[in-house]
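*Asks:* Given the structure of chain A, go ahead and fit chain S onto it with the hints provided.
Protein chains in written order, with my numbering: chain A, 3 to 210; chain S, 30 to 594.
Careful: at least some of the hints might be erroneous.
[What the hints assert, rightly or not] Per the computed footprint, the stretches of chain A lying under chain S, defined by three or more beta-carbons under 8 Å from a beta-carbon of chain S, are:
1) 40–52
2) 87–97
3) 191–200
4) 204–210
Hints in this document: simulated from the structure, not taken from any laboratory.
Keep in mind the model is a prediction, meaning the values are calculated, not measured.
The beta-carbon is built from N, C-alpha and C at its ideal position, and this holds for glycine as well.
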Amino acid sequence: MHRAVQGESVPSIAAFYGFADWHAVWEARENESLRKKRSNPMILYPGDEVSIPDREKGSFIIETGKLNIIYLGKFQSLWLRLSLYDMDGEPLKEGEAYCIEFEGKKVKGTIKDNGLLEEQIPCSVREAVLTIQGKSRKLLMGSLDPLDTVEGLWARLANMGYGSSDIRKSPDDELESAVRRFQIDYDLEPDGIPGPRTKAKIKKVYGC
Amino acid sequence: MAGESSVRQKGRVAIFGHPLDSDQVLRLAFSSDEKEIHRIQPRVQINACAMWEDVYFDFGKAFIKKSIKPSLENFRTLCEDDYPDCPITIFGHADPVGNIPFNHDLSERRARALYAMIVRDVSAWCEIFKTEVGYLQRQLRSEGVDPGPADGIMGPQTRGAIQTYMDNVADRLKLTPGRFLGQGKFAFQGCSEFNPVRVFSKAEDSFYRQQSNWHKRNSENQPNRRVIAFLLPEGFKGTDSSWICRTGTKGLAICRKMTNSSWSKARAQLTDSPRRHSAGDKTFTCSIYYDLADISPCERTLFLALIAIPIQQKWSVEITGYETMFDTQLQKWVEGGFFSRGHYEYVQDTVDILFRIVIEFMVFKTQASDPWQYKEGQILSFDLEILNNINPKNDPGRSFMANEIKDIVLTDKNCAKRLEGCAVPGEIVSETDVWRLYNQSDDYPDKSIPKTTDLQFRRITRLADTAYCLVQGQSVGDLDKVCHVRLSLPDFSIPLEIRFKVGIPITIKERIELTRWADDLESQWIPLKEGTRQFEHVRVELLSTPLYTEPYMIVNYKHRVIGPY
Chain A
3 MHRAVQGESV PSIAAFYGFA DWHAVWEARE NESLRKKRSN PMILYPGDEV
53 SIPDREKGSF IIETGKLNII YLGKFQSLWL RLSLYDMDGE PLKEGEAYCI
103 EFEGKKVKGT IKDNGLLEEQ IPCSVREAVL TIQGKSRKLL MGSLDPLDTV
153 EGLWARLANM GYGSSDIRKS PDDELESAVR RFQIDYDLEP DGIPGPRTKA
203 KIKKVYGC
Chain S
30 MAGESSVRQK GRVAIFGHPL DSDQVLRLAF SSDEKEIHRI QPRVQINACA
80 MWEDVYFDFG KAFIKKSIKP SLENFRTLCE DDYPDCPITI FGHADPVGNI
130 PFNHDLSERR ARALYAMIVR DVSAWCEIFK TEVGYLQRQL RSEGVDPGPA
180 DGIMGPQTRG AIQTYMDNVA DRLKLTPGRF LGQGKFAFQG CSEFNPVRVF
230 SKAEDSFYRQ QSNWHKRNSE NQPNRRVIAF LLPEGFKGTD SSWICRTGTK
280 GLAICRKMTN SSWSKARAQL TDSPRRHSAG DKTFTCSIYY DLADISPCER
330 TLFLALIAIP IQQKWSVEIT GYETMFDTQL QKWVEGGFFS RGHYEYVQDT
380 VDILFRIVIE FMVFKTQASD PWQYKEGQIL SFDLEILNNI NPKNDPGRSF
430 MANEIKDIVL TDKNCAKRLE GCAVPGEIVS ETDVWRLYNQ SDDYPDKSIP
480 KTTDLQFRRI TRLADTAYCL VQGQSVGDLD KVCHVRLSLP DFSIPLEIRF
530 KVGIPITIKE RIELTRWADD LESQWIPLKE GTRQFEHVRV ELLSTPLYTE
580 PYMIVNYKHR VIGPY
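One chain only, chain A, in its complex shape (with noise of 0.2 Å):
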């Protein structure tokens, strides 16, 4: 049983446990209960408990008096993905490049239609930078927390620029105003309460 800290989705805890597919641990029988309360892999809360099944044993035929080489499984790569918008609300131009860092390395590439990002990174990876038009941000992987949390929903919600992404001292109030900014712009009542209509506004605009 691994208890989930905050960085941490099925994938990376699947890697680190030694094992090749996370499709194995995300769908073992005894995380039934994981799937019904998180239905996304990618998306786990702090504490959240994924049991770790027995990993089968690898058999390997190998030939004597050669050299035999046998690859034990790796970090996978994941997808990132994002659609970035200026702070007009227009989505970036295609071409336009970036570069991300993590561990080290730098990966560059180019924006996509409509403002999409798309780049495979280590599962492993908690921390990056991205950089694009000479700014930069912290990417903090496997650090949005599900929809129905309110760390979730504060983050999403920063991340498409409704409010500071520092939940500061008063967080009730703070999240109020950035709700009723996001009800304001997608014409629902801007009462400040997310509720199940703006959550599920949320989940569409924002994307999971």
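*Replies:* Chain S in isolation, oriented as in the chain A frame:
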């Protein structure tokens, strides 16, 4: 008191750089399928702001007085030199006296009047003052421009006078509507009374409802009546959908919507104690404005503190971590004999502290009881450190101190501890905070310097209102020693400048009187005479760096100390 009224009339504009997108963090998850794309958009933030107090307007009117002129020149520098491509938008605010629509109209007219002056839009003024042309004409005349006969008619002579007046007052500050948000479409808006910075307590409110107290009420409400210009990030166009404030296009109805919730109502409520935005109270009732401007230094700061450093020795306050920016100024001061250029260049390396204020000369001498009156205000919180005895060999950049100032008494870093009160740098210091400075310098021969010195910082008023408090508990000592006190704050990197000036009291027969006071703050020095109980003219310089992440700071104006008689 002497000179106080003239300081008031000059009014004040506070200008700041802002933290830029201080929340750089994006909390993300990997994408579980192709369609799961996270939408990322930067928050609309402010690059810089400038605030004009109510003093530049007549009570309840939108006419801008000529006294605003120097601040407009400062604003021009902000807009043209410091943030040349940032679109500007202006917010007007009113106090709660009067009804909401009236205040909405007044606050909007003030913001518009300022905008119009900057872009030389005479017709806008014609419209703003269309129901009070006579008033406008009289004002123009009293400010030195001839509008022709005060006939209450907006004719060509009056229009001409408006143009002349605008040219005279705004002078080199002349921008086009394109420089403003949305190409001028969102250049100005009025917040009515929705976003005060000071809210009366229930008791105060009842007191002020009585007509006999209205005069005081208006004066207490003054901070609420303000006009603020925000400079937004370059490239931000500001469209109908992206500009977060919609009152300019949708009118008061949208403001009512934004303030009609339990959140807003809770903030609008009167409570048993008075509330102040500058003290961390939540006074803004509009979510939009709150999100945009809550941490704006223009709204929150108020000013510097205190340097209430009494004491026996001369103190220098050093807040390091900023790049030097005073090369040209330095020349003047170098002639005064106390600083060398090397000092400033060196401190760029210091990364642990936020900014440096260097005060030349000694600050105060005090008496056992606090001789200064004080008013309310806000103090920045900071940690106090007293610098070590400077050894020129180890610390070449600071050698000037050893050279120039005698008898340095310095102690180890982190030798100042807060005895009570909040413990986090960046938080507001309260009146009950006590700081103790520890003198741990063993090799300093003069044992008469106390081992510990208690400092207490008092809230001071907005600087235009003067008056400092001195720290209590200090004894009169000799003035020959110099100390350096280092202040540290959370990361802060706005190019800022503070100039302090302290009046020098001369004690005559146990009564403290204010002595010489130079109008030209930066260049005049009043030398300290041996043996006399005097205040020194203090010069404080603030150096800044680009690492800014917290919003507190103030600057750019001069203080003075006025003691009670």
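*Asks:* It remains to establish, for every hint, whether it holds in the given structure.
*Replies:* Against the structure, the hints come out as follows:
{"no.": "1", "hint": "40–52", "result": "holds (count 4)"}
{"no.": "2", "hint": "87–97", "result": "holds (count 5)"}
{"no.": "3", "hint": "191–200", "result": "holds (count 3)"}
{"no.": "4", "hint": "204–210", "result": "holds (count 4)"}
When held up to the earlier numbered hints, the structure conflicts with none and fits them all.
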